[in-house]
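S.K.: What follows is the residue order along each chain.
Protein chains: 2
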Amino acid sequence: MINLGMASLRLYAGLVGCRSGSCARSLRTLSGMTVSQIDEEVAKLLELKVQLGGDEGRHQFTLKTAKGTRDYNPKQMAIREKVFNTIISCFKRHGAENIDTPVFELKETLTGKYGEDSKLIYDLKDQGGELLSLRYDLTVPFARYLAMNKVTNIKRYHIAKVYRRDNPAMTRGRYREFYQCDFDIAGQYDPMIPDAECLKIVHEILSELELGDFRIKVNDRRILDGMFAVCGVPDDKFRTICSTVDKLDKMSWEDVRSEMVKEKGLSEEAADQIGQYVSLQGGMDLAERLLQDAKMSQSKQACAGLTDMKQLFSYLQLFQVTDKVVFDLSLARGLDYYTGVIYEAILTQTGPVPVAAAQNGAGEKAEEGVSVGSVAGGGRYDGLVGMFDPKGRKVPCVGVSIGIERVFSIMEQKAEASAEKVRTTETQVMVASAQKNLLEERLRLTAELWNAGIKAEVMYKKNPKLLSQLQHCEDSGIPLVAILGEQELKDGVVKLRTVHSREEIDVSRAKLVEEIKRRTSDV
Amino acid sequence: MINLGMASLRLYAGLVGCRSGSCARSLRTLSGMTVSQIDEEVAKLLELKVQLGGDEGRHQFTLKTAKGTRDYNPKQMAIREKVFNTIISCFKRHGAENIDTPVFELKETLTGKYGEDSKLIYDLKDQGGELLSLRYDLTVPFARYLAMNKVTNIKRYHIAKVYRRDNPAMTRGRYREFYQCDFDIAGQYDPMIPDAECLKIVHEILSELELGDFRIKVNDRRILDGMFAVCGVPDDKFRTICSTVDKLDKMSWEDVRSEMVKEKGLSEEAADQIGQYVSLQGGMDLAERLLQDAKMSQSKQACAGLTDMKQLFSYLQLFQVTDKVVFDLSLARGLDYYTGVIYEAILTQTGPVPVAAAQNGAGEKAEEGVSVGSVAGGGRYDGLVGMFDPKGRKVPCVGVSIGIERVFSIMEQKAEASAEKVRTTETQVMVASAQKNLLEERLRLTAELWNAGIKAEVMYKKNPKLLSQLQHCEDSGIPLVAILGEQELKDGVVKLRTVHSREEIDVSRAKLVEEIKRRTSDV
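For the record, the sequence lines run as chains E and D. In this text, residue positions in the first sequence follow our numbering: the first is 10, and each later residue adds one. In this text, residue positions in the second sequence follow our numbering: the first is 10, and each later residue adds one.
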């Protein structure tokens, strides 16, 4: 039985009134309602829904993971572990500390940080208490962390999953739940030194992962804003035009131009001027040229960005990474919080296209040399921490995020294609027996090995066949078998068998641990 | 302007009617409504709420993490990494593979698996599309994974965060977001062998973590159910009485008895009989005695459980872990899915109580020897995979979950109390200079070291003071400093300084990498 308060009567009178045309009156009625009264009504309606069977009737039970997410099987985990090790080693080589934050934040923490992408945030259901959202990236939680703990200096990495209600394209490594591997430097420093280190890190990681050739595009929000200003974009349209420019990696210039003019109301003239700039690419030379450009040089902002760009390239030369870095005026990046340098790394070779993607890819351009997607991105965000600090104190930050799902996809395809077997365990020895009734002896020996730090397995059968024990070793790449029999027990030895050569020797029980360690020291 | 359809008119007519008494009629009206029409109305009301300012006005912006969650700072991460390494090493030593699953599952996947605890599940907001919930443990996602991928044999571990809308007690390591480290063995095997390995693993991990003395309680769902049956508990009350028995670690027997009788409607006689059994503790001997018990022996189920318990203890003797394992008839565990052996590990020493807890602990019993909380638990769940398999095919499973937040708390308190500094980076060398204008030389050398795999840091200042560079090394435990000056550059050397001894020697640039590696080989 549902209990409706007087509030609902008033509310619905208002709603109905609104529909029948007398909106002014009804809005006044509405303003008499409080938010918590609305909440109450919503709760009652949802209760009603449950009584009607809720969403149950809509679909049958389906055995699947949520849309846009996936499990990792042991083989994929082995690959993931390898990729993470490469990335973490690099972060540690650069002296980074490690932090972690919760998977959800107060909803308000994420509000107003992501511009047009905010609609992709996953909210949690209001079950009473705080309103929560799943993190959308690791940057905003990092800024919240800095402000909350009054940290003004830190170099940290953070590897964790983030969540976006985007259109997934899983065969190409685009998921709704995906890992980001972030490295950020917070603190007041001399210009462009930390920024250059971030690019060096991207260069190191992408080189070490051996994913083929790559390119790191660099630009600066101040250059973009300066460009928009001198091209005649109204101030209040900077961010939205920036979002449109950001689509240049997926859309042709014609389509981008059309969106600017038709959807965003920009003048054709301004759009065309933007078009001339965003086609430019180069290095330090381009920054120098633009500093002399009649129009660009009129913008103080652009000049500051261009001067820093020159400085950045001088450090990149010292780091010997200029071979992969391009100053590209079309790079925009959608997120609202960037204030200075921005960058994005793309793989320039198209990898082996997975079958499913090739089949579904009707609308996809598969031209030669087309970028197969961004694998890293980042930039400077000097204002974000100040948005959280009660006194607005700023902590300048610059960072990079490695998006490794695409990397996983490539590595998985490589592993699929290669004949080499991926081991999913590190087991050194299997404790086996050829005879019956030796379960207890097998268990005792296995425990001895475990206690000595040896990675050992034993079959959970009273009387397993020797063949099936050996087969398990073949299947999972276990290199050694310790075989027990009545005779071996009497003699105080174990028959140690090398799986690949099938050689067997007797080893005294006392020396077994040492012998296994010696033979598997490379495992 | 809000657009309300005719549906709402009918709906609200129904609701109002309901309130005014003529419910039969209104429910008929309601049954004319579809769930999606209700959804539509809810969406409209929520839109209204946004127009009224949403939840904005309710509270001011707060700089905090969500209730019951916490950040990990670098020191905590260093401790966490150490704990994880111990646990992962153990899992790998036992030949486990690794898997991962998404943080959220379809809501229906979690439905009906957790008994009375289901109310603690976090749901995601219905933003269109599937209804999702955050995982509550790693066991149900594992069972879903097995059924979905038709895996009938696997030994795997999974370390990930799970989510429970419980009352947090963070100073005691109880959070709403917390890690579980799960190890499970799935497959049809001879009885109690994998079960014994799970207990061996708990024993190894808790011993290696050096958390003080511990006890592992063991029981069996079949023994509990048999006991309930012979004590006269009606069949349909087994689960709810089981939940009450599960509270014996937090409540006195008197309170548990009262809940059984007054809240759950059990007869006093039955409750008292249960009381006699749940006070029993022992080992293999107790299992043998109960097999002879006049009442217990009448239950086939209990006998099966007791026979297996004897078998389990015989394997535990081989594994030499019986010193810590107790057969305890009061152990119940709340989760619905257990079918056989269940266990739970507790630390028996009270650690140093954090100040905040001691101050707030008015209602807490702090008696000597009282358990400081469960740190591991698990059991056998032979029916869970079958609940997901379209044809109901069963895959027997047994597993253990290490709840390491409590462990972290203890380790953090230990680290706090100890004089030893926790290093949060692994940096081997700081590239420094005593003179001005050597930024470029410092950056060049740093890049050389990075490229040679050396963990190196450099200050992001054009002209940092030598003292502040050395201070940074002291603060963060960097053992070496490579100092560049005009003279060193001319001579092709670097002054290599050992931070703790302040010794300095000149090392030729060509040999620097080797020398750093030699001196930090133990880092």
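Simulated from the structure, these hints should not be mistaken for laboratory data. Beta carbons are placed, not taken as given, at the ideal position from N, Cα and C, and that holds for glycine. It cannot be assumed that every hint is accurate.
[Said to hold, decoys possible] Estimated spans, in silico, between C-beta atoms of each pair:
hint	chain 1	residue 1	chain 2	residue 2	range
1	D	Leu-72	E	Glu-278	19 to 27 Å
2	D	Gly-196	E	Thr-161	22 to 30 Å
3	E	Ala-461	D	Asn-158	33 to 41 Å
4	E	Arg-528	D	Lys-526	26 to 34 Å
5	D	Glu-483	E	Gly-241	53 to 61 Å
6	E	Ser-323	D	Glu-483	45 to 53 Å
7	D	Leu-72	E	Gln-480	57 to 65 Å
8	E	Ser-517	D	Lys-101	25 to 33 Å
9	D	Ala-519	E	Lys-101	50 to 58 Å
10	E	Lys-101	D	Ser-45	48 to 56 Å
S.K.: Hints first: check each against the structure and report whether it holds.
M.R.: Here's how the hints hold up against the structure:
1. D:Leu-72 / E:Glu-278: 19 to 27 Å: violated (45 Å)
2. D:Gly-196 / E:Thr-161: 22 to 30 Å: violated (54 Å)
3. E:Ala-461 / D:Asn-158: 33 to 41 Å: For Asn-158 (chain D) against Ala-461 (chain E), whose Cβ atoms are near 35 Å apart, the range 33 to 41 Å holds.
4. E:Arg-528 / D:Lys-526: 26 to 34 Å: holds (27 Å)
5. D:Glu-483 / E:Gly-241: 53 to 61 Å: holds (55 Å)
6. E:Ser-323 / D:Glu-483: 45 to 53 Å: violated (31 Å)
7. D:Leu-72 / E:Gln-480: 57 to 65 Å: Taking Cβ atoms as reference, Leu-72 (chain D) and Gln-480 (chain E) lie about 59 Å apart, which means the hint holds.
8. E:Ser-517 / D:Lys-101: 25 to 33 Å: Check passed, 27 Å falls within 25 to 33 Å.
9. D:Ala-519 / E:Lys-101: 50 to 58 Å: With a Cβ separation near 25 Å, Ala-519 (chain D) and Lys-101 (chain E) fall outside 50 to 58 Å, so the hint is violated.
10. E:Lys-101 / D:Ser-45: 48 to 56 Å: The hinted range 48 to 56 Å holds for Lys-101 (chain E) and Ser-45 (chain D), with Cβ atoms some 52 Å apart.
Hint compliance for this structure: hints 1, 2, 6 and 9 are broken, all remaining hints hold.
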